[in-house]
Every structure is written in C-alpha cells, then in structure tokens.
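Novice: Next come the chains, spelled out residue by residue.
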Amino acid sequence: MFERFTTEARQTVVLAQDQARRLRHAHIGTEHLLLALAQQEGTASATVLAAHGLTPQVIIDAITAYVGPDDLDAEALSTLGIDLAAVRTTVEATFGPGALHRRSPGRRESVPSGHIPFTPRARKVLELSLREALALEHRSIADGHILLGLLREGDGLAAKVVYDRGLEPDGVREDITSALTG
Amino acid sequence: MADTVQVAAEASSRDPSVGLRAVRALRDLVERLEALQVDNARDQGWTWEQIAQQLGVTRQAVHKKYAGGRGLLRRKD
Numbered sequence: 001m002f003e004r005f006t007t008e009a010r011q012t013v014v015l016a017q018d019q020a021r022r023l024r025h026a027h028i029g030t031e032h033l034l035l036a037l038a039q040q041e042g043t044a045s046a047t048v049l050a051a052h053g054l055t056p057q058v059i060i061d062a063i064t065a066y067v068g069p070d071d072l073d074a075e076a077l078s079t080l081g082i083d084l085a086a087v088r089t090t091v092e093a094t095f096g097p098g099a100l101h102r103r104s105p106g107r108r109e110s111v112p113s114g115h116i117p118f119t120p121r122a123r124k125v126l127e128l129s130l131r132e133a134l135a136l137e138h139r140s141i142a143d144g145h146i147l148l149g150l151l152r153e154g155d156g157l158a159a160k161v162v163y164d165r166g167l168e169p170d171g172v173r174e175d176i177t178s179a180l181t182g
Numbered sequence: 183m184a185d186t187v188q189v190a191a192e193a194s195s196r197d198p199s200v201g202l203r204a205v206r207a208l209r210d211l212v213e214r215l216e217a218l219q220v221d222n223a224r225d226q227g228w229t230w231e232q233i234a235q236q237l238g239v240t241r242q243a244v245h246k247k248y249a250g251g252r253g254l255l256r257r258k259d
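Line by line, the protein sequences are chains A and B. Using this note's numbering, read the first sequence as starting at 1 and increasing by one per residue. Using this note's numbering, read the second sequence as starting at 183 and increasing by one per residue.
One should not assume that every hint holds.
To be verified - In silico contact screen, one side only, chain B against chain A (beta carbon under 10 angstroms); selected entries:
#1 V200
#2 G201
#3 R203
#4 V205
#5 R206
#6 A207
#7 L208
#8 L211
#9 R214
#10 L215
#11 L218
#12 N222
Stated by the list, open to error - Capping the alpha-carbon separation at 25 angstroms, the derived lysine to any residue pairs in SDA-like fashion look like this:
#13 B:K247 <-> A:V91
#14 B:K247 <-> A:E92
#15 A:K124 <-> A:T6
#16 A:K124 <-> A:K160
#17 B:K247 <-> B:R203
#18 B:K246 <-> B:R206
#19 A:K124 <-> A:P169
#20 B:K247 <-> A:F95
#21 B:K246 <-> A:A99
#22 A:K160 <-> B:R206
#23 A:K160 <-> B:V200
#24 B:K247 <-> A:D73
#25 B:K247 <-> B:A223
#26 A:K160 <-> A:T47
#27 B:K247 <-> A:R88
#28 B:K246 <-> A:H101
#29 B:K247 <-> A:V87
#30 B:K246 <-> B:Q219
#31 A:K124 <-> A:V13
#32 B:K246 <-> A:A26
#33 B:K247 <-> A:A99
Keep in mind the hints are simulated off the structure, nothing from the lab. Glycine is no exception: its CB is placed at the ideal position from the N, C-alpha and C atoms.
Required output: the full structure, derived from the provided sequences and hints.
Specialist: If you want it as structure tokens, here you go:
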C-alpha cells in the first residue's frame, strides 16, 4: 500500500513513529498520525488543521491530557516540592541513564526503540486513506487522504481531539477535500 | 523548581485539577522507583518474600505484580 503514498504521506508515517517515540508511547495511534499531519508545515492537511486551530502544540497537549504523559510529570511533582530532576540525577547515578523510564511488563528496556507497531485503528486509517483516494479518483495517496481517513475512522484519539475542540469533522473534511481537488 | 512560597500555595490548592494531577505524578514516580528497586533486589538474589517484607505487602502481591513474563528473573523461590 505504501508504494502509492506521496512523499508527504510517507513522511507522515515516519513522523508519527518519531512522535510516538518522543512521547514514549509503545504504539503508533491515530493521535500520532494527526500530530504528524499537523507538523508538516505547508502541506494541505497541516494548513487545514491549523485553520481549525489544530496546531501541533494543541494536539500534543490534548494527547498528553488523555493518555497522560508517559514520562513523569515534573511540573505536578514540583507542586509537592519534589524536584524530579534531582530525583532523576540521584537514581541515574546509581542505576544508569534512563533508570527512571517506564518499563513495560515483561521487558527490561523502557523506551520503545526501533519498530513501533501501529494500533489496529491507525492501520485502519491508512487503509481508509487508500479508499478516500480511490473515491476521489486520485492515483496516489497524499497527506490529505490520510486526514480524510482519520476523520472517517471517527473513533480514535485523533477523532476525540477534533471533537473535544468543538470542531465539526464534516467542516474539516470539506476543507481538506476542496484542497485535494482544487 | 518553584520557590517555596509558590510550592506551598500550589500543594494546598483547592483546585482538584492541580491536586489530583500532583497525586498522579507522585504515584507514577513511586511506581517507577518500586519497579527499579524490585528489579535490583531480584538481581541481587533477594526472594519475593524478602522484597514483600520490605515493601509491606504480601509475597503474592509483589510476585503477581513483577514476576510475570520476566524470563531472566523467573526462578523458583
């Protein structure tokens, strides 16, 4: 399927993986795809998303509010008088760098490295993007088609980000469709 | 790090979103430290019984939480 992706669409998948890793998430979900789309300045999808108030920072804030920052919340700890940086330094002095990182059960390493799998829903979104391209009689799958796929899927965290901002998915859909067909 | 006055003000915040977030952050930190120390204890040959005693929980509790799927550390004791 990826052979029909445009450069921007491929970049979306790559960036989604980077973002998942940066947020220390062990999967690539619809939310990471949405974030990756918003981050590619100048693309049709980033422009439409920004026009609806969905900038990368807004999306990151929304994601961390839903799933919790996978890394520790230094700001909240400071309200209790705990200096996370100091704790981290002390712990790492004994146990080595990254000792405080989250570890998933059954594995010793914590930070996802290498391949991070897509969630079934994110995979579905990529399939839907192909369908959206076909429906518009486009030969390749662009970033905009991925956005359409995200909106079509409608159940993931990406959709929740859109809904919770009070946005009408249909409005976003219309804008991206006209950008794709214009 | 905020200054002491500000810390005191925030820690005693009546705003649940501030207070609860702090509790959650603290719990996350405790979980990380516990996992780290349990690993360390196992690496040093401590039994689940000894670890549980130090943590003030039952052997079953600590075993259930940390023994699953840990190939290297799954040994009889």
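Novice: Would you pick out the hints that fail for this structure and give their numbers low to high?
Specialist: none
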